[in-house]
Every structure is written in structure tokens, then in C-alpha cells.
Amino acid sequence: MAGSIPVSPTGKSAPTGPAPGRPPTGSLPTRSTSPWAEAWRRFKRHRLAYASLWLLGVLVLAVLLGPLFYKVGINSIDFQARLASPSWTHPLGTDDLGRDLLARVLYGGRISLAVGLAAMLMAITVGVVIGAISGISRGWIDAALMWVTDLFLSLPALPLLLLLIFLFRDPLKVAFGPEIGIFILIVLVIGGLRWMPVARLVRAQFFSLREKEFVEAARALGASVPRQVVRHILPNSLGPVIVAGTIDVAAAIIAESTLSFLGLGFPPDIPTWGRILFDSKDYLDIAAHWAIFPGLAIFIAVLTINFIGDGLRDALDPRRVL
Amino acid sequence: MGNYVLRRLLILVPSLLGISVVLFTVLALAPGDPFEDLATNPNVPPEVRMALRAQFGLDDPVWTRYLHWLTSMLKGDWGFSFVSRLDVDTLILQRLPVTLAVIGASQIVALMIALPVGILAAVRPYSWFDRIASTFAFIGFSLPTFFTGLLFILLFSIKLDWLPFVFRADLSETGWRWWWEHLRQSIMPVMVLGLFQGASWMRYVRSAVLDVVRLDYVTTARSKGLNERAIVLKHVVRNALIPVVTLVALQMPAVFGGAIVTEQIFRIPGIGSLLIDSILRNDTPVIMAVTFVFSALVLLFNFLADLLYGWLDPRVTYR
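Line by line, the protein sequences are chains P and X. Counting in the working numbering, the first sequence runs from 1 upward without gaps. Counting in the working numbering, the second sequence runs from 1 upward without gaps.
No wet-lab data here; the hints were simulated from the structure. Ideal Cβ placement from N, Cα and C applies to all residues, glycine included. Certain hints may be false.
Said to hold, decoys possible - Not close to chain P: a few residues of chain X, all C-beta gaps over 12 Å, as computed:
1. Ser186
2. Ala221
3. Ala254
4. Ile260
5. Val298
To be verified - To be clear about the criterion: a stretch of chain P counts as covered by chain X if any three or more of its residues have a C-beta under 8 Å from a C-beta of chain X, and this derived list gives those stretches:
6. 104-110
7. 254-261
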């Protein structure tokens, strides 16, 4: 076993690595690489994932810094250049009001990526909490929480998403303003409907970890249950959670774009990637570029995130020799 | 066997009840009011509005409304649409066959892609075929259905002019011509959904076959001198399909989500587009009923997966 990544309990012969954040004082690991450096070495072996990381990095930088250098307003209307094809003045062309698409795609990227990250954090938090409670407690608490999890798993996510957005859109808009209100709502709803796989993963990890010797040792030393969970079990079950979280970012971006594409996401004056596609779909025959560039942006973001998730899965799985 | 089916059916009941509670809570918490239009309409006197509210029980406490709604749902009385003045169940029954046909056809397409490609990729892991197939699978499920739909329309309808991009339920042709037109207009929605599902299932099939193909009983079969084809098809695939069935059943909510999007792009008159129309028009009874039908369909597919599971794996006994 080359990798001594202490995140997965499944490899029974390999638990030699120290738990992150609490190295045992007695035995030193034979090589002085930290677990994260080792994971990074293994991650780089997955060439597509490594390339994806760079591509995604470029995309994120462009979205974050682009508007600082490319100073064209997202709502500056120019009827002289309606539905113009890509050119030097408008690198990605313009839409039906002559608004510059590069500026809109860059701006929309900020929202799409922010929604993806925030919804992922929400899903992970809820999932870890529910999974941890369920995994550490036996009996009816576990049974009840898992019943709720299974119930949520069989809810049809998109219809419910549409329903919730529609019902709660206006009050939140009034309370927090149109942009922030919708952002909060979309993040809450997407995150609230995606925590179940994480909860199940964490619970399964807890079931196997809580019987392991090091947890038993901690228990014998008198560690309280919260301490056992937070210091010993949780850090060791993070590997699959990190992978699931990465994939969740991609899923959340798709979910947000789907909502916007159905006309139920952000308000029309905020150009998210899905919203630009929604606006463009009636002009496919005369202005194909309008649909293709935001669609490509979604595709590249989602594809690279999925590849990175795949690479992380390989890197964080100690059973795989890389 | 009959006993097993009955038991699985009984497990469905609390799940359905749970889903109905969730849906009803969401609706009860929401601030929207179906009588909002009447409230702002100066021609409707407040007394009439109040009487209507009382007649429809909108002023009762939440749990009475829930029980009332549940009992009438069970009696088959699903209410009528505020917008089209039709009974909700007739409205849904009109729309449901199209949705089921599109979903069913796309699932068949997905299986026809996922099974052979996944098995071939797993039999020769890390070969060129495997690499190319896996890369295409990643591309396939990273392309959101709404974007593939638009790309298909752009390519096949606008550039090549081969296929119509608006789905018409009222085709004027008859006989073979009708079937032909129907096929032509169904190709794009079915392929959009099928390719997306096929891509993600291919990865499930691949990893499931990879897990099974190393087991001892496969080596035994090989040392008995069975030919490779029989080993893979009769011995490996049947066992590998067991986890795949579970994963496919868990994917059903996503399939319905994809169906809503495709119905919206190609303007297919199914229950997905019915849902979106009624959401945009604040048509509460239809929204509730359609969401509930979607949930029931998900549970139904999980139930079918359970039955299939028992058939594939004799170790799962029908007790």
C-alpha cells in the first residue's frame, strides 16, 4: 500500500497514517510527507483531473478578474449591434438588445459558481451533521433519520425545486432585495435537496470507524462522545465527503442553470448562464453564438469539476496504489 | 412471492404519506393565495370571496385541510384546475401517456448504450476503448440536457432541417404516416434524455462488471472451458446488474427532472410542461397533484427495482 491517506477506513491493512490534526506522538511515519502532499502527488497522476484543475482555475480567474479588465457594461444596450456575431469589438457577439455577451457570460459565471459553492457547502454541512448523528447513535434516532433521508431521496427534486422557488420567491425578494433574496433561496433549496447522499456516506463511514481500535482507545481514555466524533472519527471519514462535495458543486451549477433555463431562477436582468440560454433559445436560427457560449461555459465548468472529483476519488482512496 | 410483493407494497404506504405531508407542509407554509386574483378584482365583492374561501376550506387549520385533502385524494377526487376548469385527474391522465412514452423510450435507449459499452469497457479495462468510452461518458453527463437539446435543435432542425423541433400532439396524418411523423418528432427528445442517462449508467455498469469479473467463480467458469461470450453474458452480467438496478432506481428522480426540461424545450404536452405551466399560473391543485404523481412514480420505480432485484439475485429471498 503506497498511499497512507488516513481518510478511508476501508483498507484494513493500511491504517498506518496519523489522523490529520492529531499525529500520534510515538511512532513517526517512515516518509515525512504529509497526507495532503501525498494526496496531491496521487492526484497529479490523474492527467485529465490535473488538466481540468488548471482549466477550471483559468475559468475561475477569468470570471473573478475578467470584469476588472474587460470594462463593458452587462446592460449597456447598443441597437446598432443587435445579434452581432463574434468580432473584435464583441468577442462573443451580442444579444437581441446589443448587449455584449462576453461581459454577461463573465458576470453570470460569478453567480453560477457562487451558487454551486454555497449550495455544496450547505449540502455537505447538513449531510455531515445528519450522517454523524445517525452514525454515532444507535436505535430509533438512527432509524428515524434514515427514514427521513430515504424519504428525501425519493422526492422528485426538480418539481419540488420549482414549487419551492415559485412559492417563496416573492417574500424573500421583498426581505433581502431581488439578487440576494433569490440567491439565498436557490442555495437553500438546492442544498436542502442534495444532502442525502452525503448523509448516507458519512453514516456508513461512522459505522465502520466507530468500531476501530483507535476510537476504542480514545473511548478507553475517557474521551466524550463529541470529542470522539470531532477529533477522531470525522477527520477520518472526510475523503468520500470531499469527493461528494466536488461532484455536488457541478450538480448545483446544473440545477441553478436548469432553474434559470426554465425561467424560474434569477430575475431577467441578472445574466446567469442558464438565463442567457433561456433568452437565446428563440433566436437559435439567427444567432447561434448567443446560445453556444454560455452553454459551453456551463459544460466546461461542470466537466472539469467532474474530472477533478474523479481524480480526488482516486487520490483519496487508500486501496488504490498509484 | 405474492407475500413479498404485498410486503413491499405495504412499505410504500408510509413513504407516500410522508411525501404527501412534505408537499402539503410546503404549500401551507407558502404565502401565495389562489384567491389573490379575486381579491384584487374589483368586480368580486368581499363577501363572495369569503364565501368561496369557506367553501374550499381555506380558513380551516392546517391539519384539517391536510386530512380533507388526503381523504379526497384517496377517494379519487383530485379537485379541478383553477385555470382550465378541468378535473385535475383528467388533465393529468391526458398528459401522462406522452411523458411515460418519452421517458420509457429514452430509458431503453440509455440501456442500449450503457450495457454494451459498459460491459466492453470493463472486460478490457484501461484499454483504448475503455478510455475513449469513459471520456465520452464524462462529457455525456456533464452536458446539461437543456444545452444538448438546444444543440440538437441547432444541428438537426435548423442547419440540416431533418427533424421538426416542436412536438405536435395533434398530427393530421393518419395510418403509417402518423407513426412516421411521430417517430420523427420523438427522436430528438428521446435521444437527449437517453444519451444523458446512458452516459451516467455506463459508468455504473463498468464499475459493477469490474467488481464481478475478478471473482473466483468467473475463473472457475473460465477453467471449465466456457467461451468468453458465455462467461460474460451468463455469469458476469447477471451478477453485475444487481447494484446497477439499485443505482438506476435511485436515479429516477433525476430522470423525471430531465423529462421536465426536455418537455419544455421541445414543447411536448406531458405532465412536466403541465407542471411548469401551472406553476407560472399559480394553479395550486394541479401543482400539488403533478408533484405527487411524480413522487408516486419514483416510488413505483423503486418498487419495480426491488422486484427485479429479487429476480436477479436468488439470495434475496421472497419472504
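Verification of the hints:
1. X/Ser186, annotated as away from the interface, keeps every beta carbon of chain P farther than 12 Å; the closest lies near 20 Å.
2. At the 12 Å boundary, the C-beta of X/Ala221 stays outside the reach of chain P, the nearest C-beta of that chain being 26 Å off.
3. Not every Cβ of chain P is farther than 12 Å from the Cβ of X/Ala254; the closest lies at roughly 7 Å, contradicting the non-interface assignment.
4. A beta-carbon of chain P is positioned within 12 Å of the beta-carbon of X/Ile260; the least distance is around 5 Å.
5. Against chain P, the non-interface label of X/Val298 is violated: not every CB pair exceeds 12 Å, the least being about 5 Å.
6. Coverage of the segment 104-110 of chain P by chain X is violated in this model, with 0 residues showing a Cβ closer than 8 Å to a Cβ of that chain against a need of three.
7. A stretch counts as covered by a chain when three or more of its residues have a beta carbon under 8 Å from one of that chain; for the segment 254-261 of chain P and chain X the count is 4, and the coverage holds.
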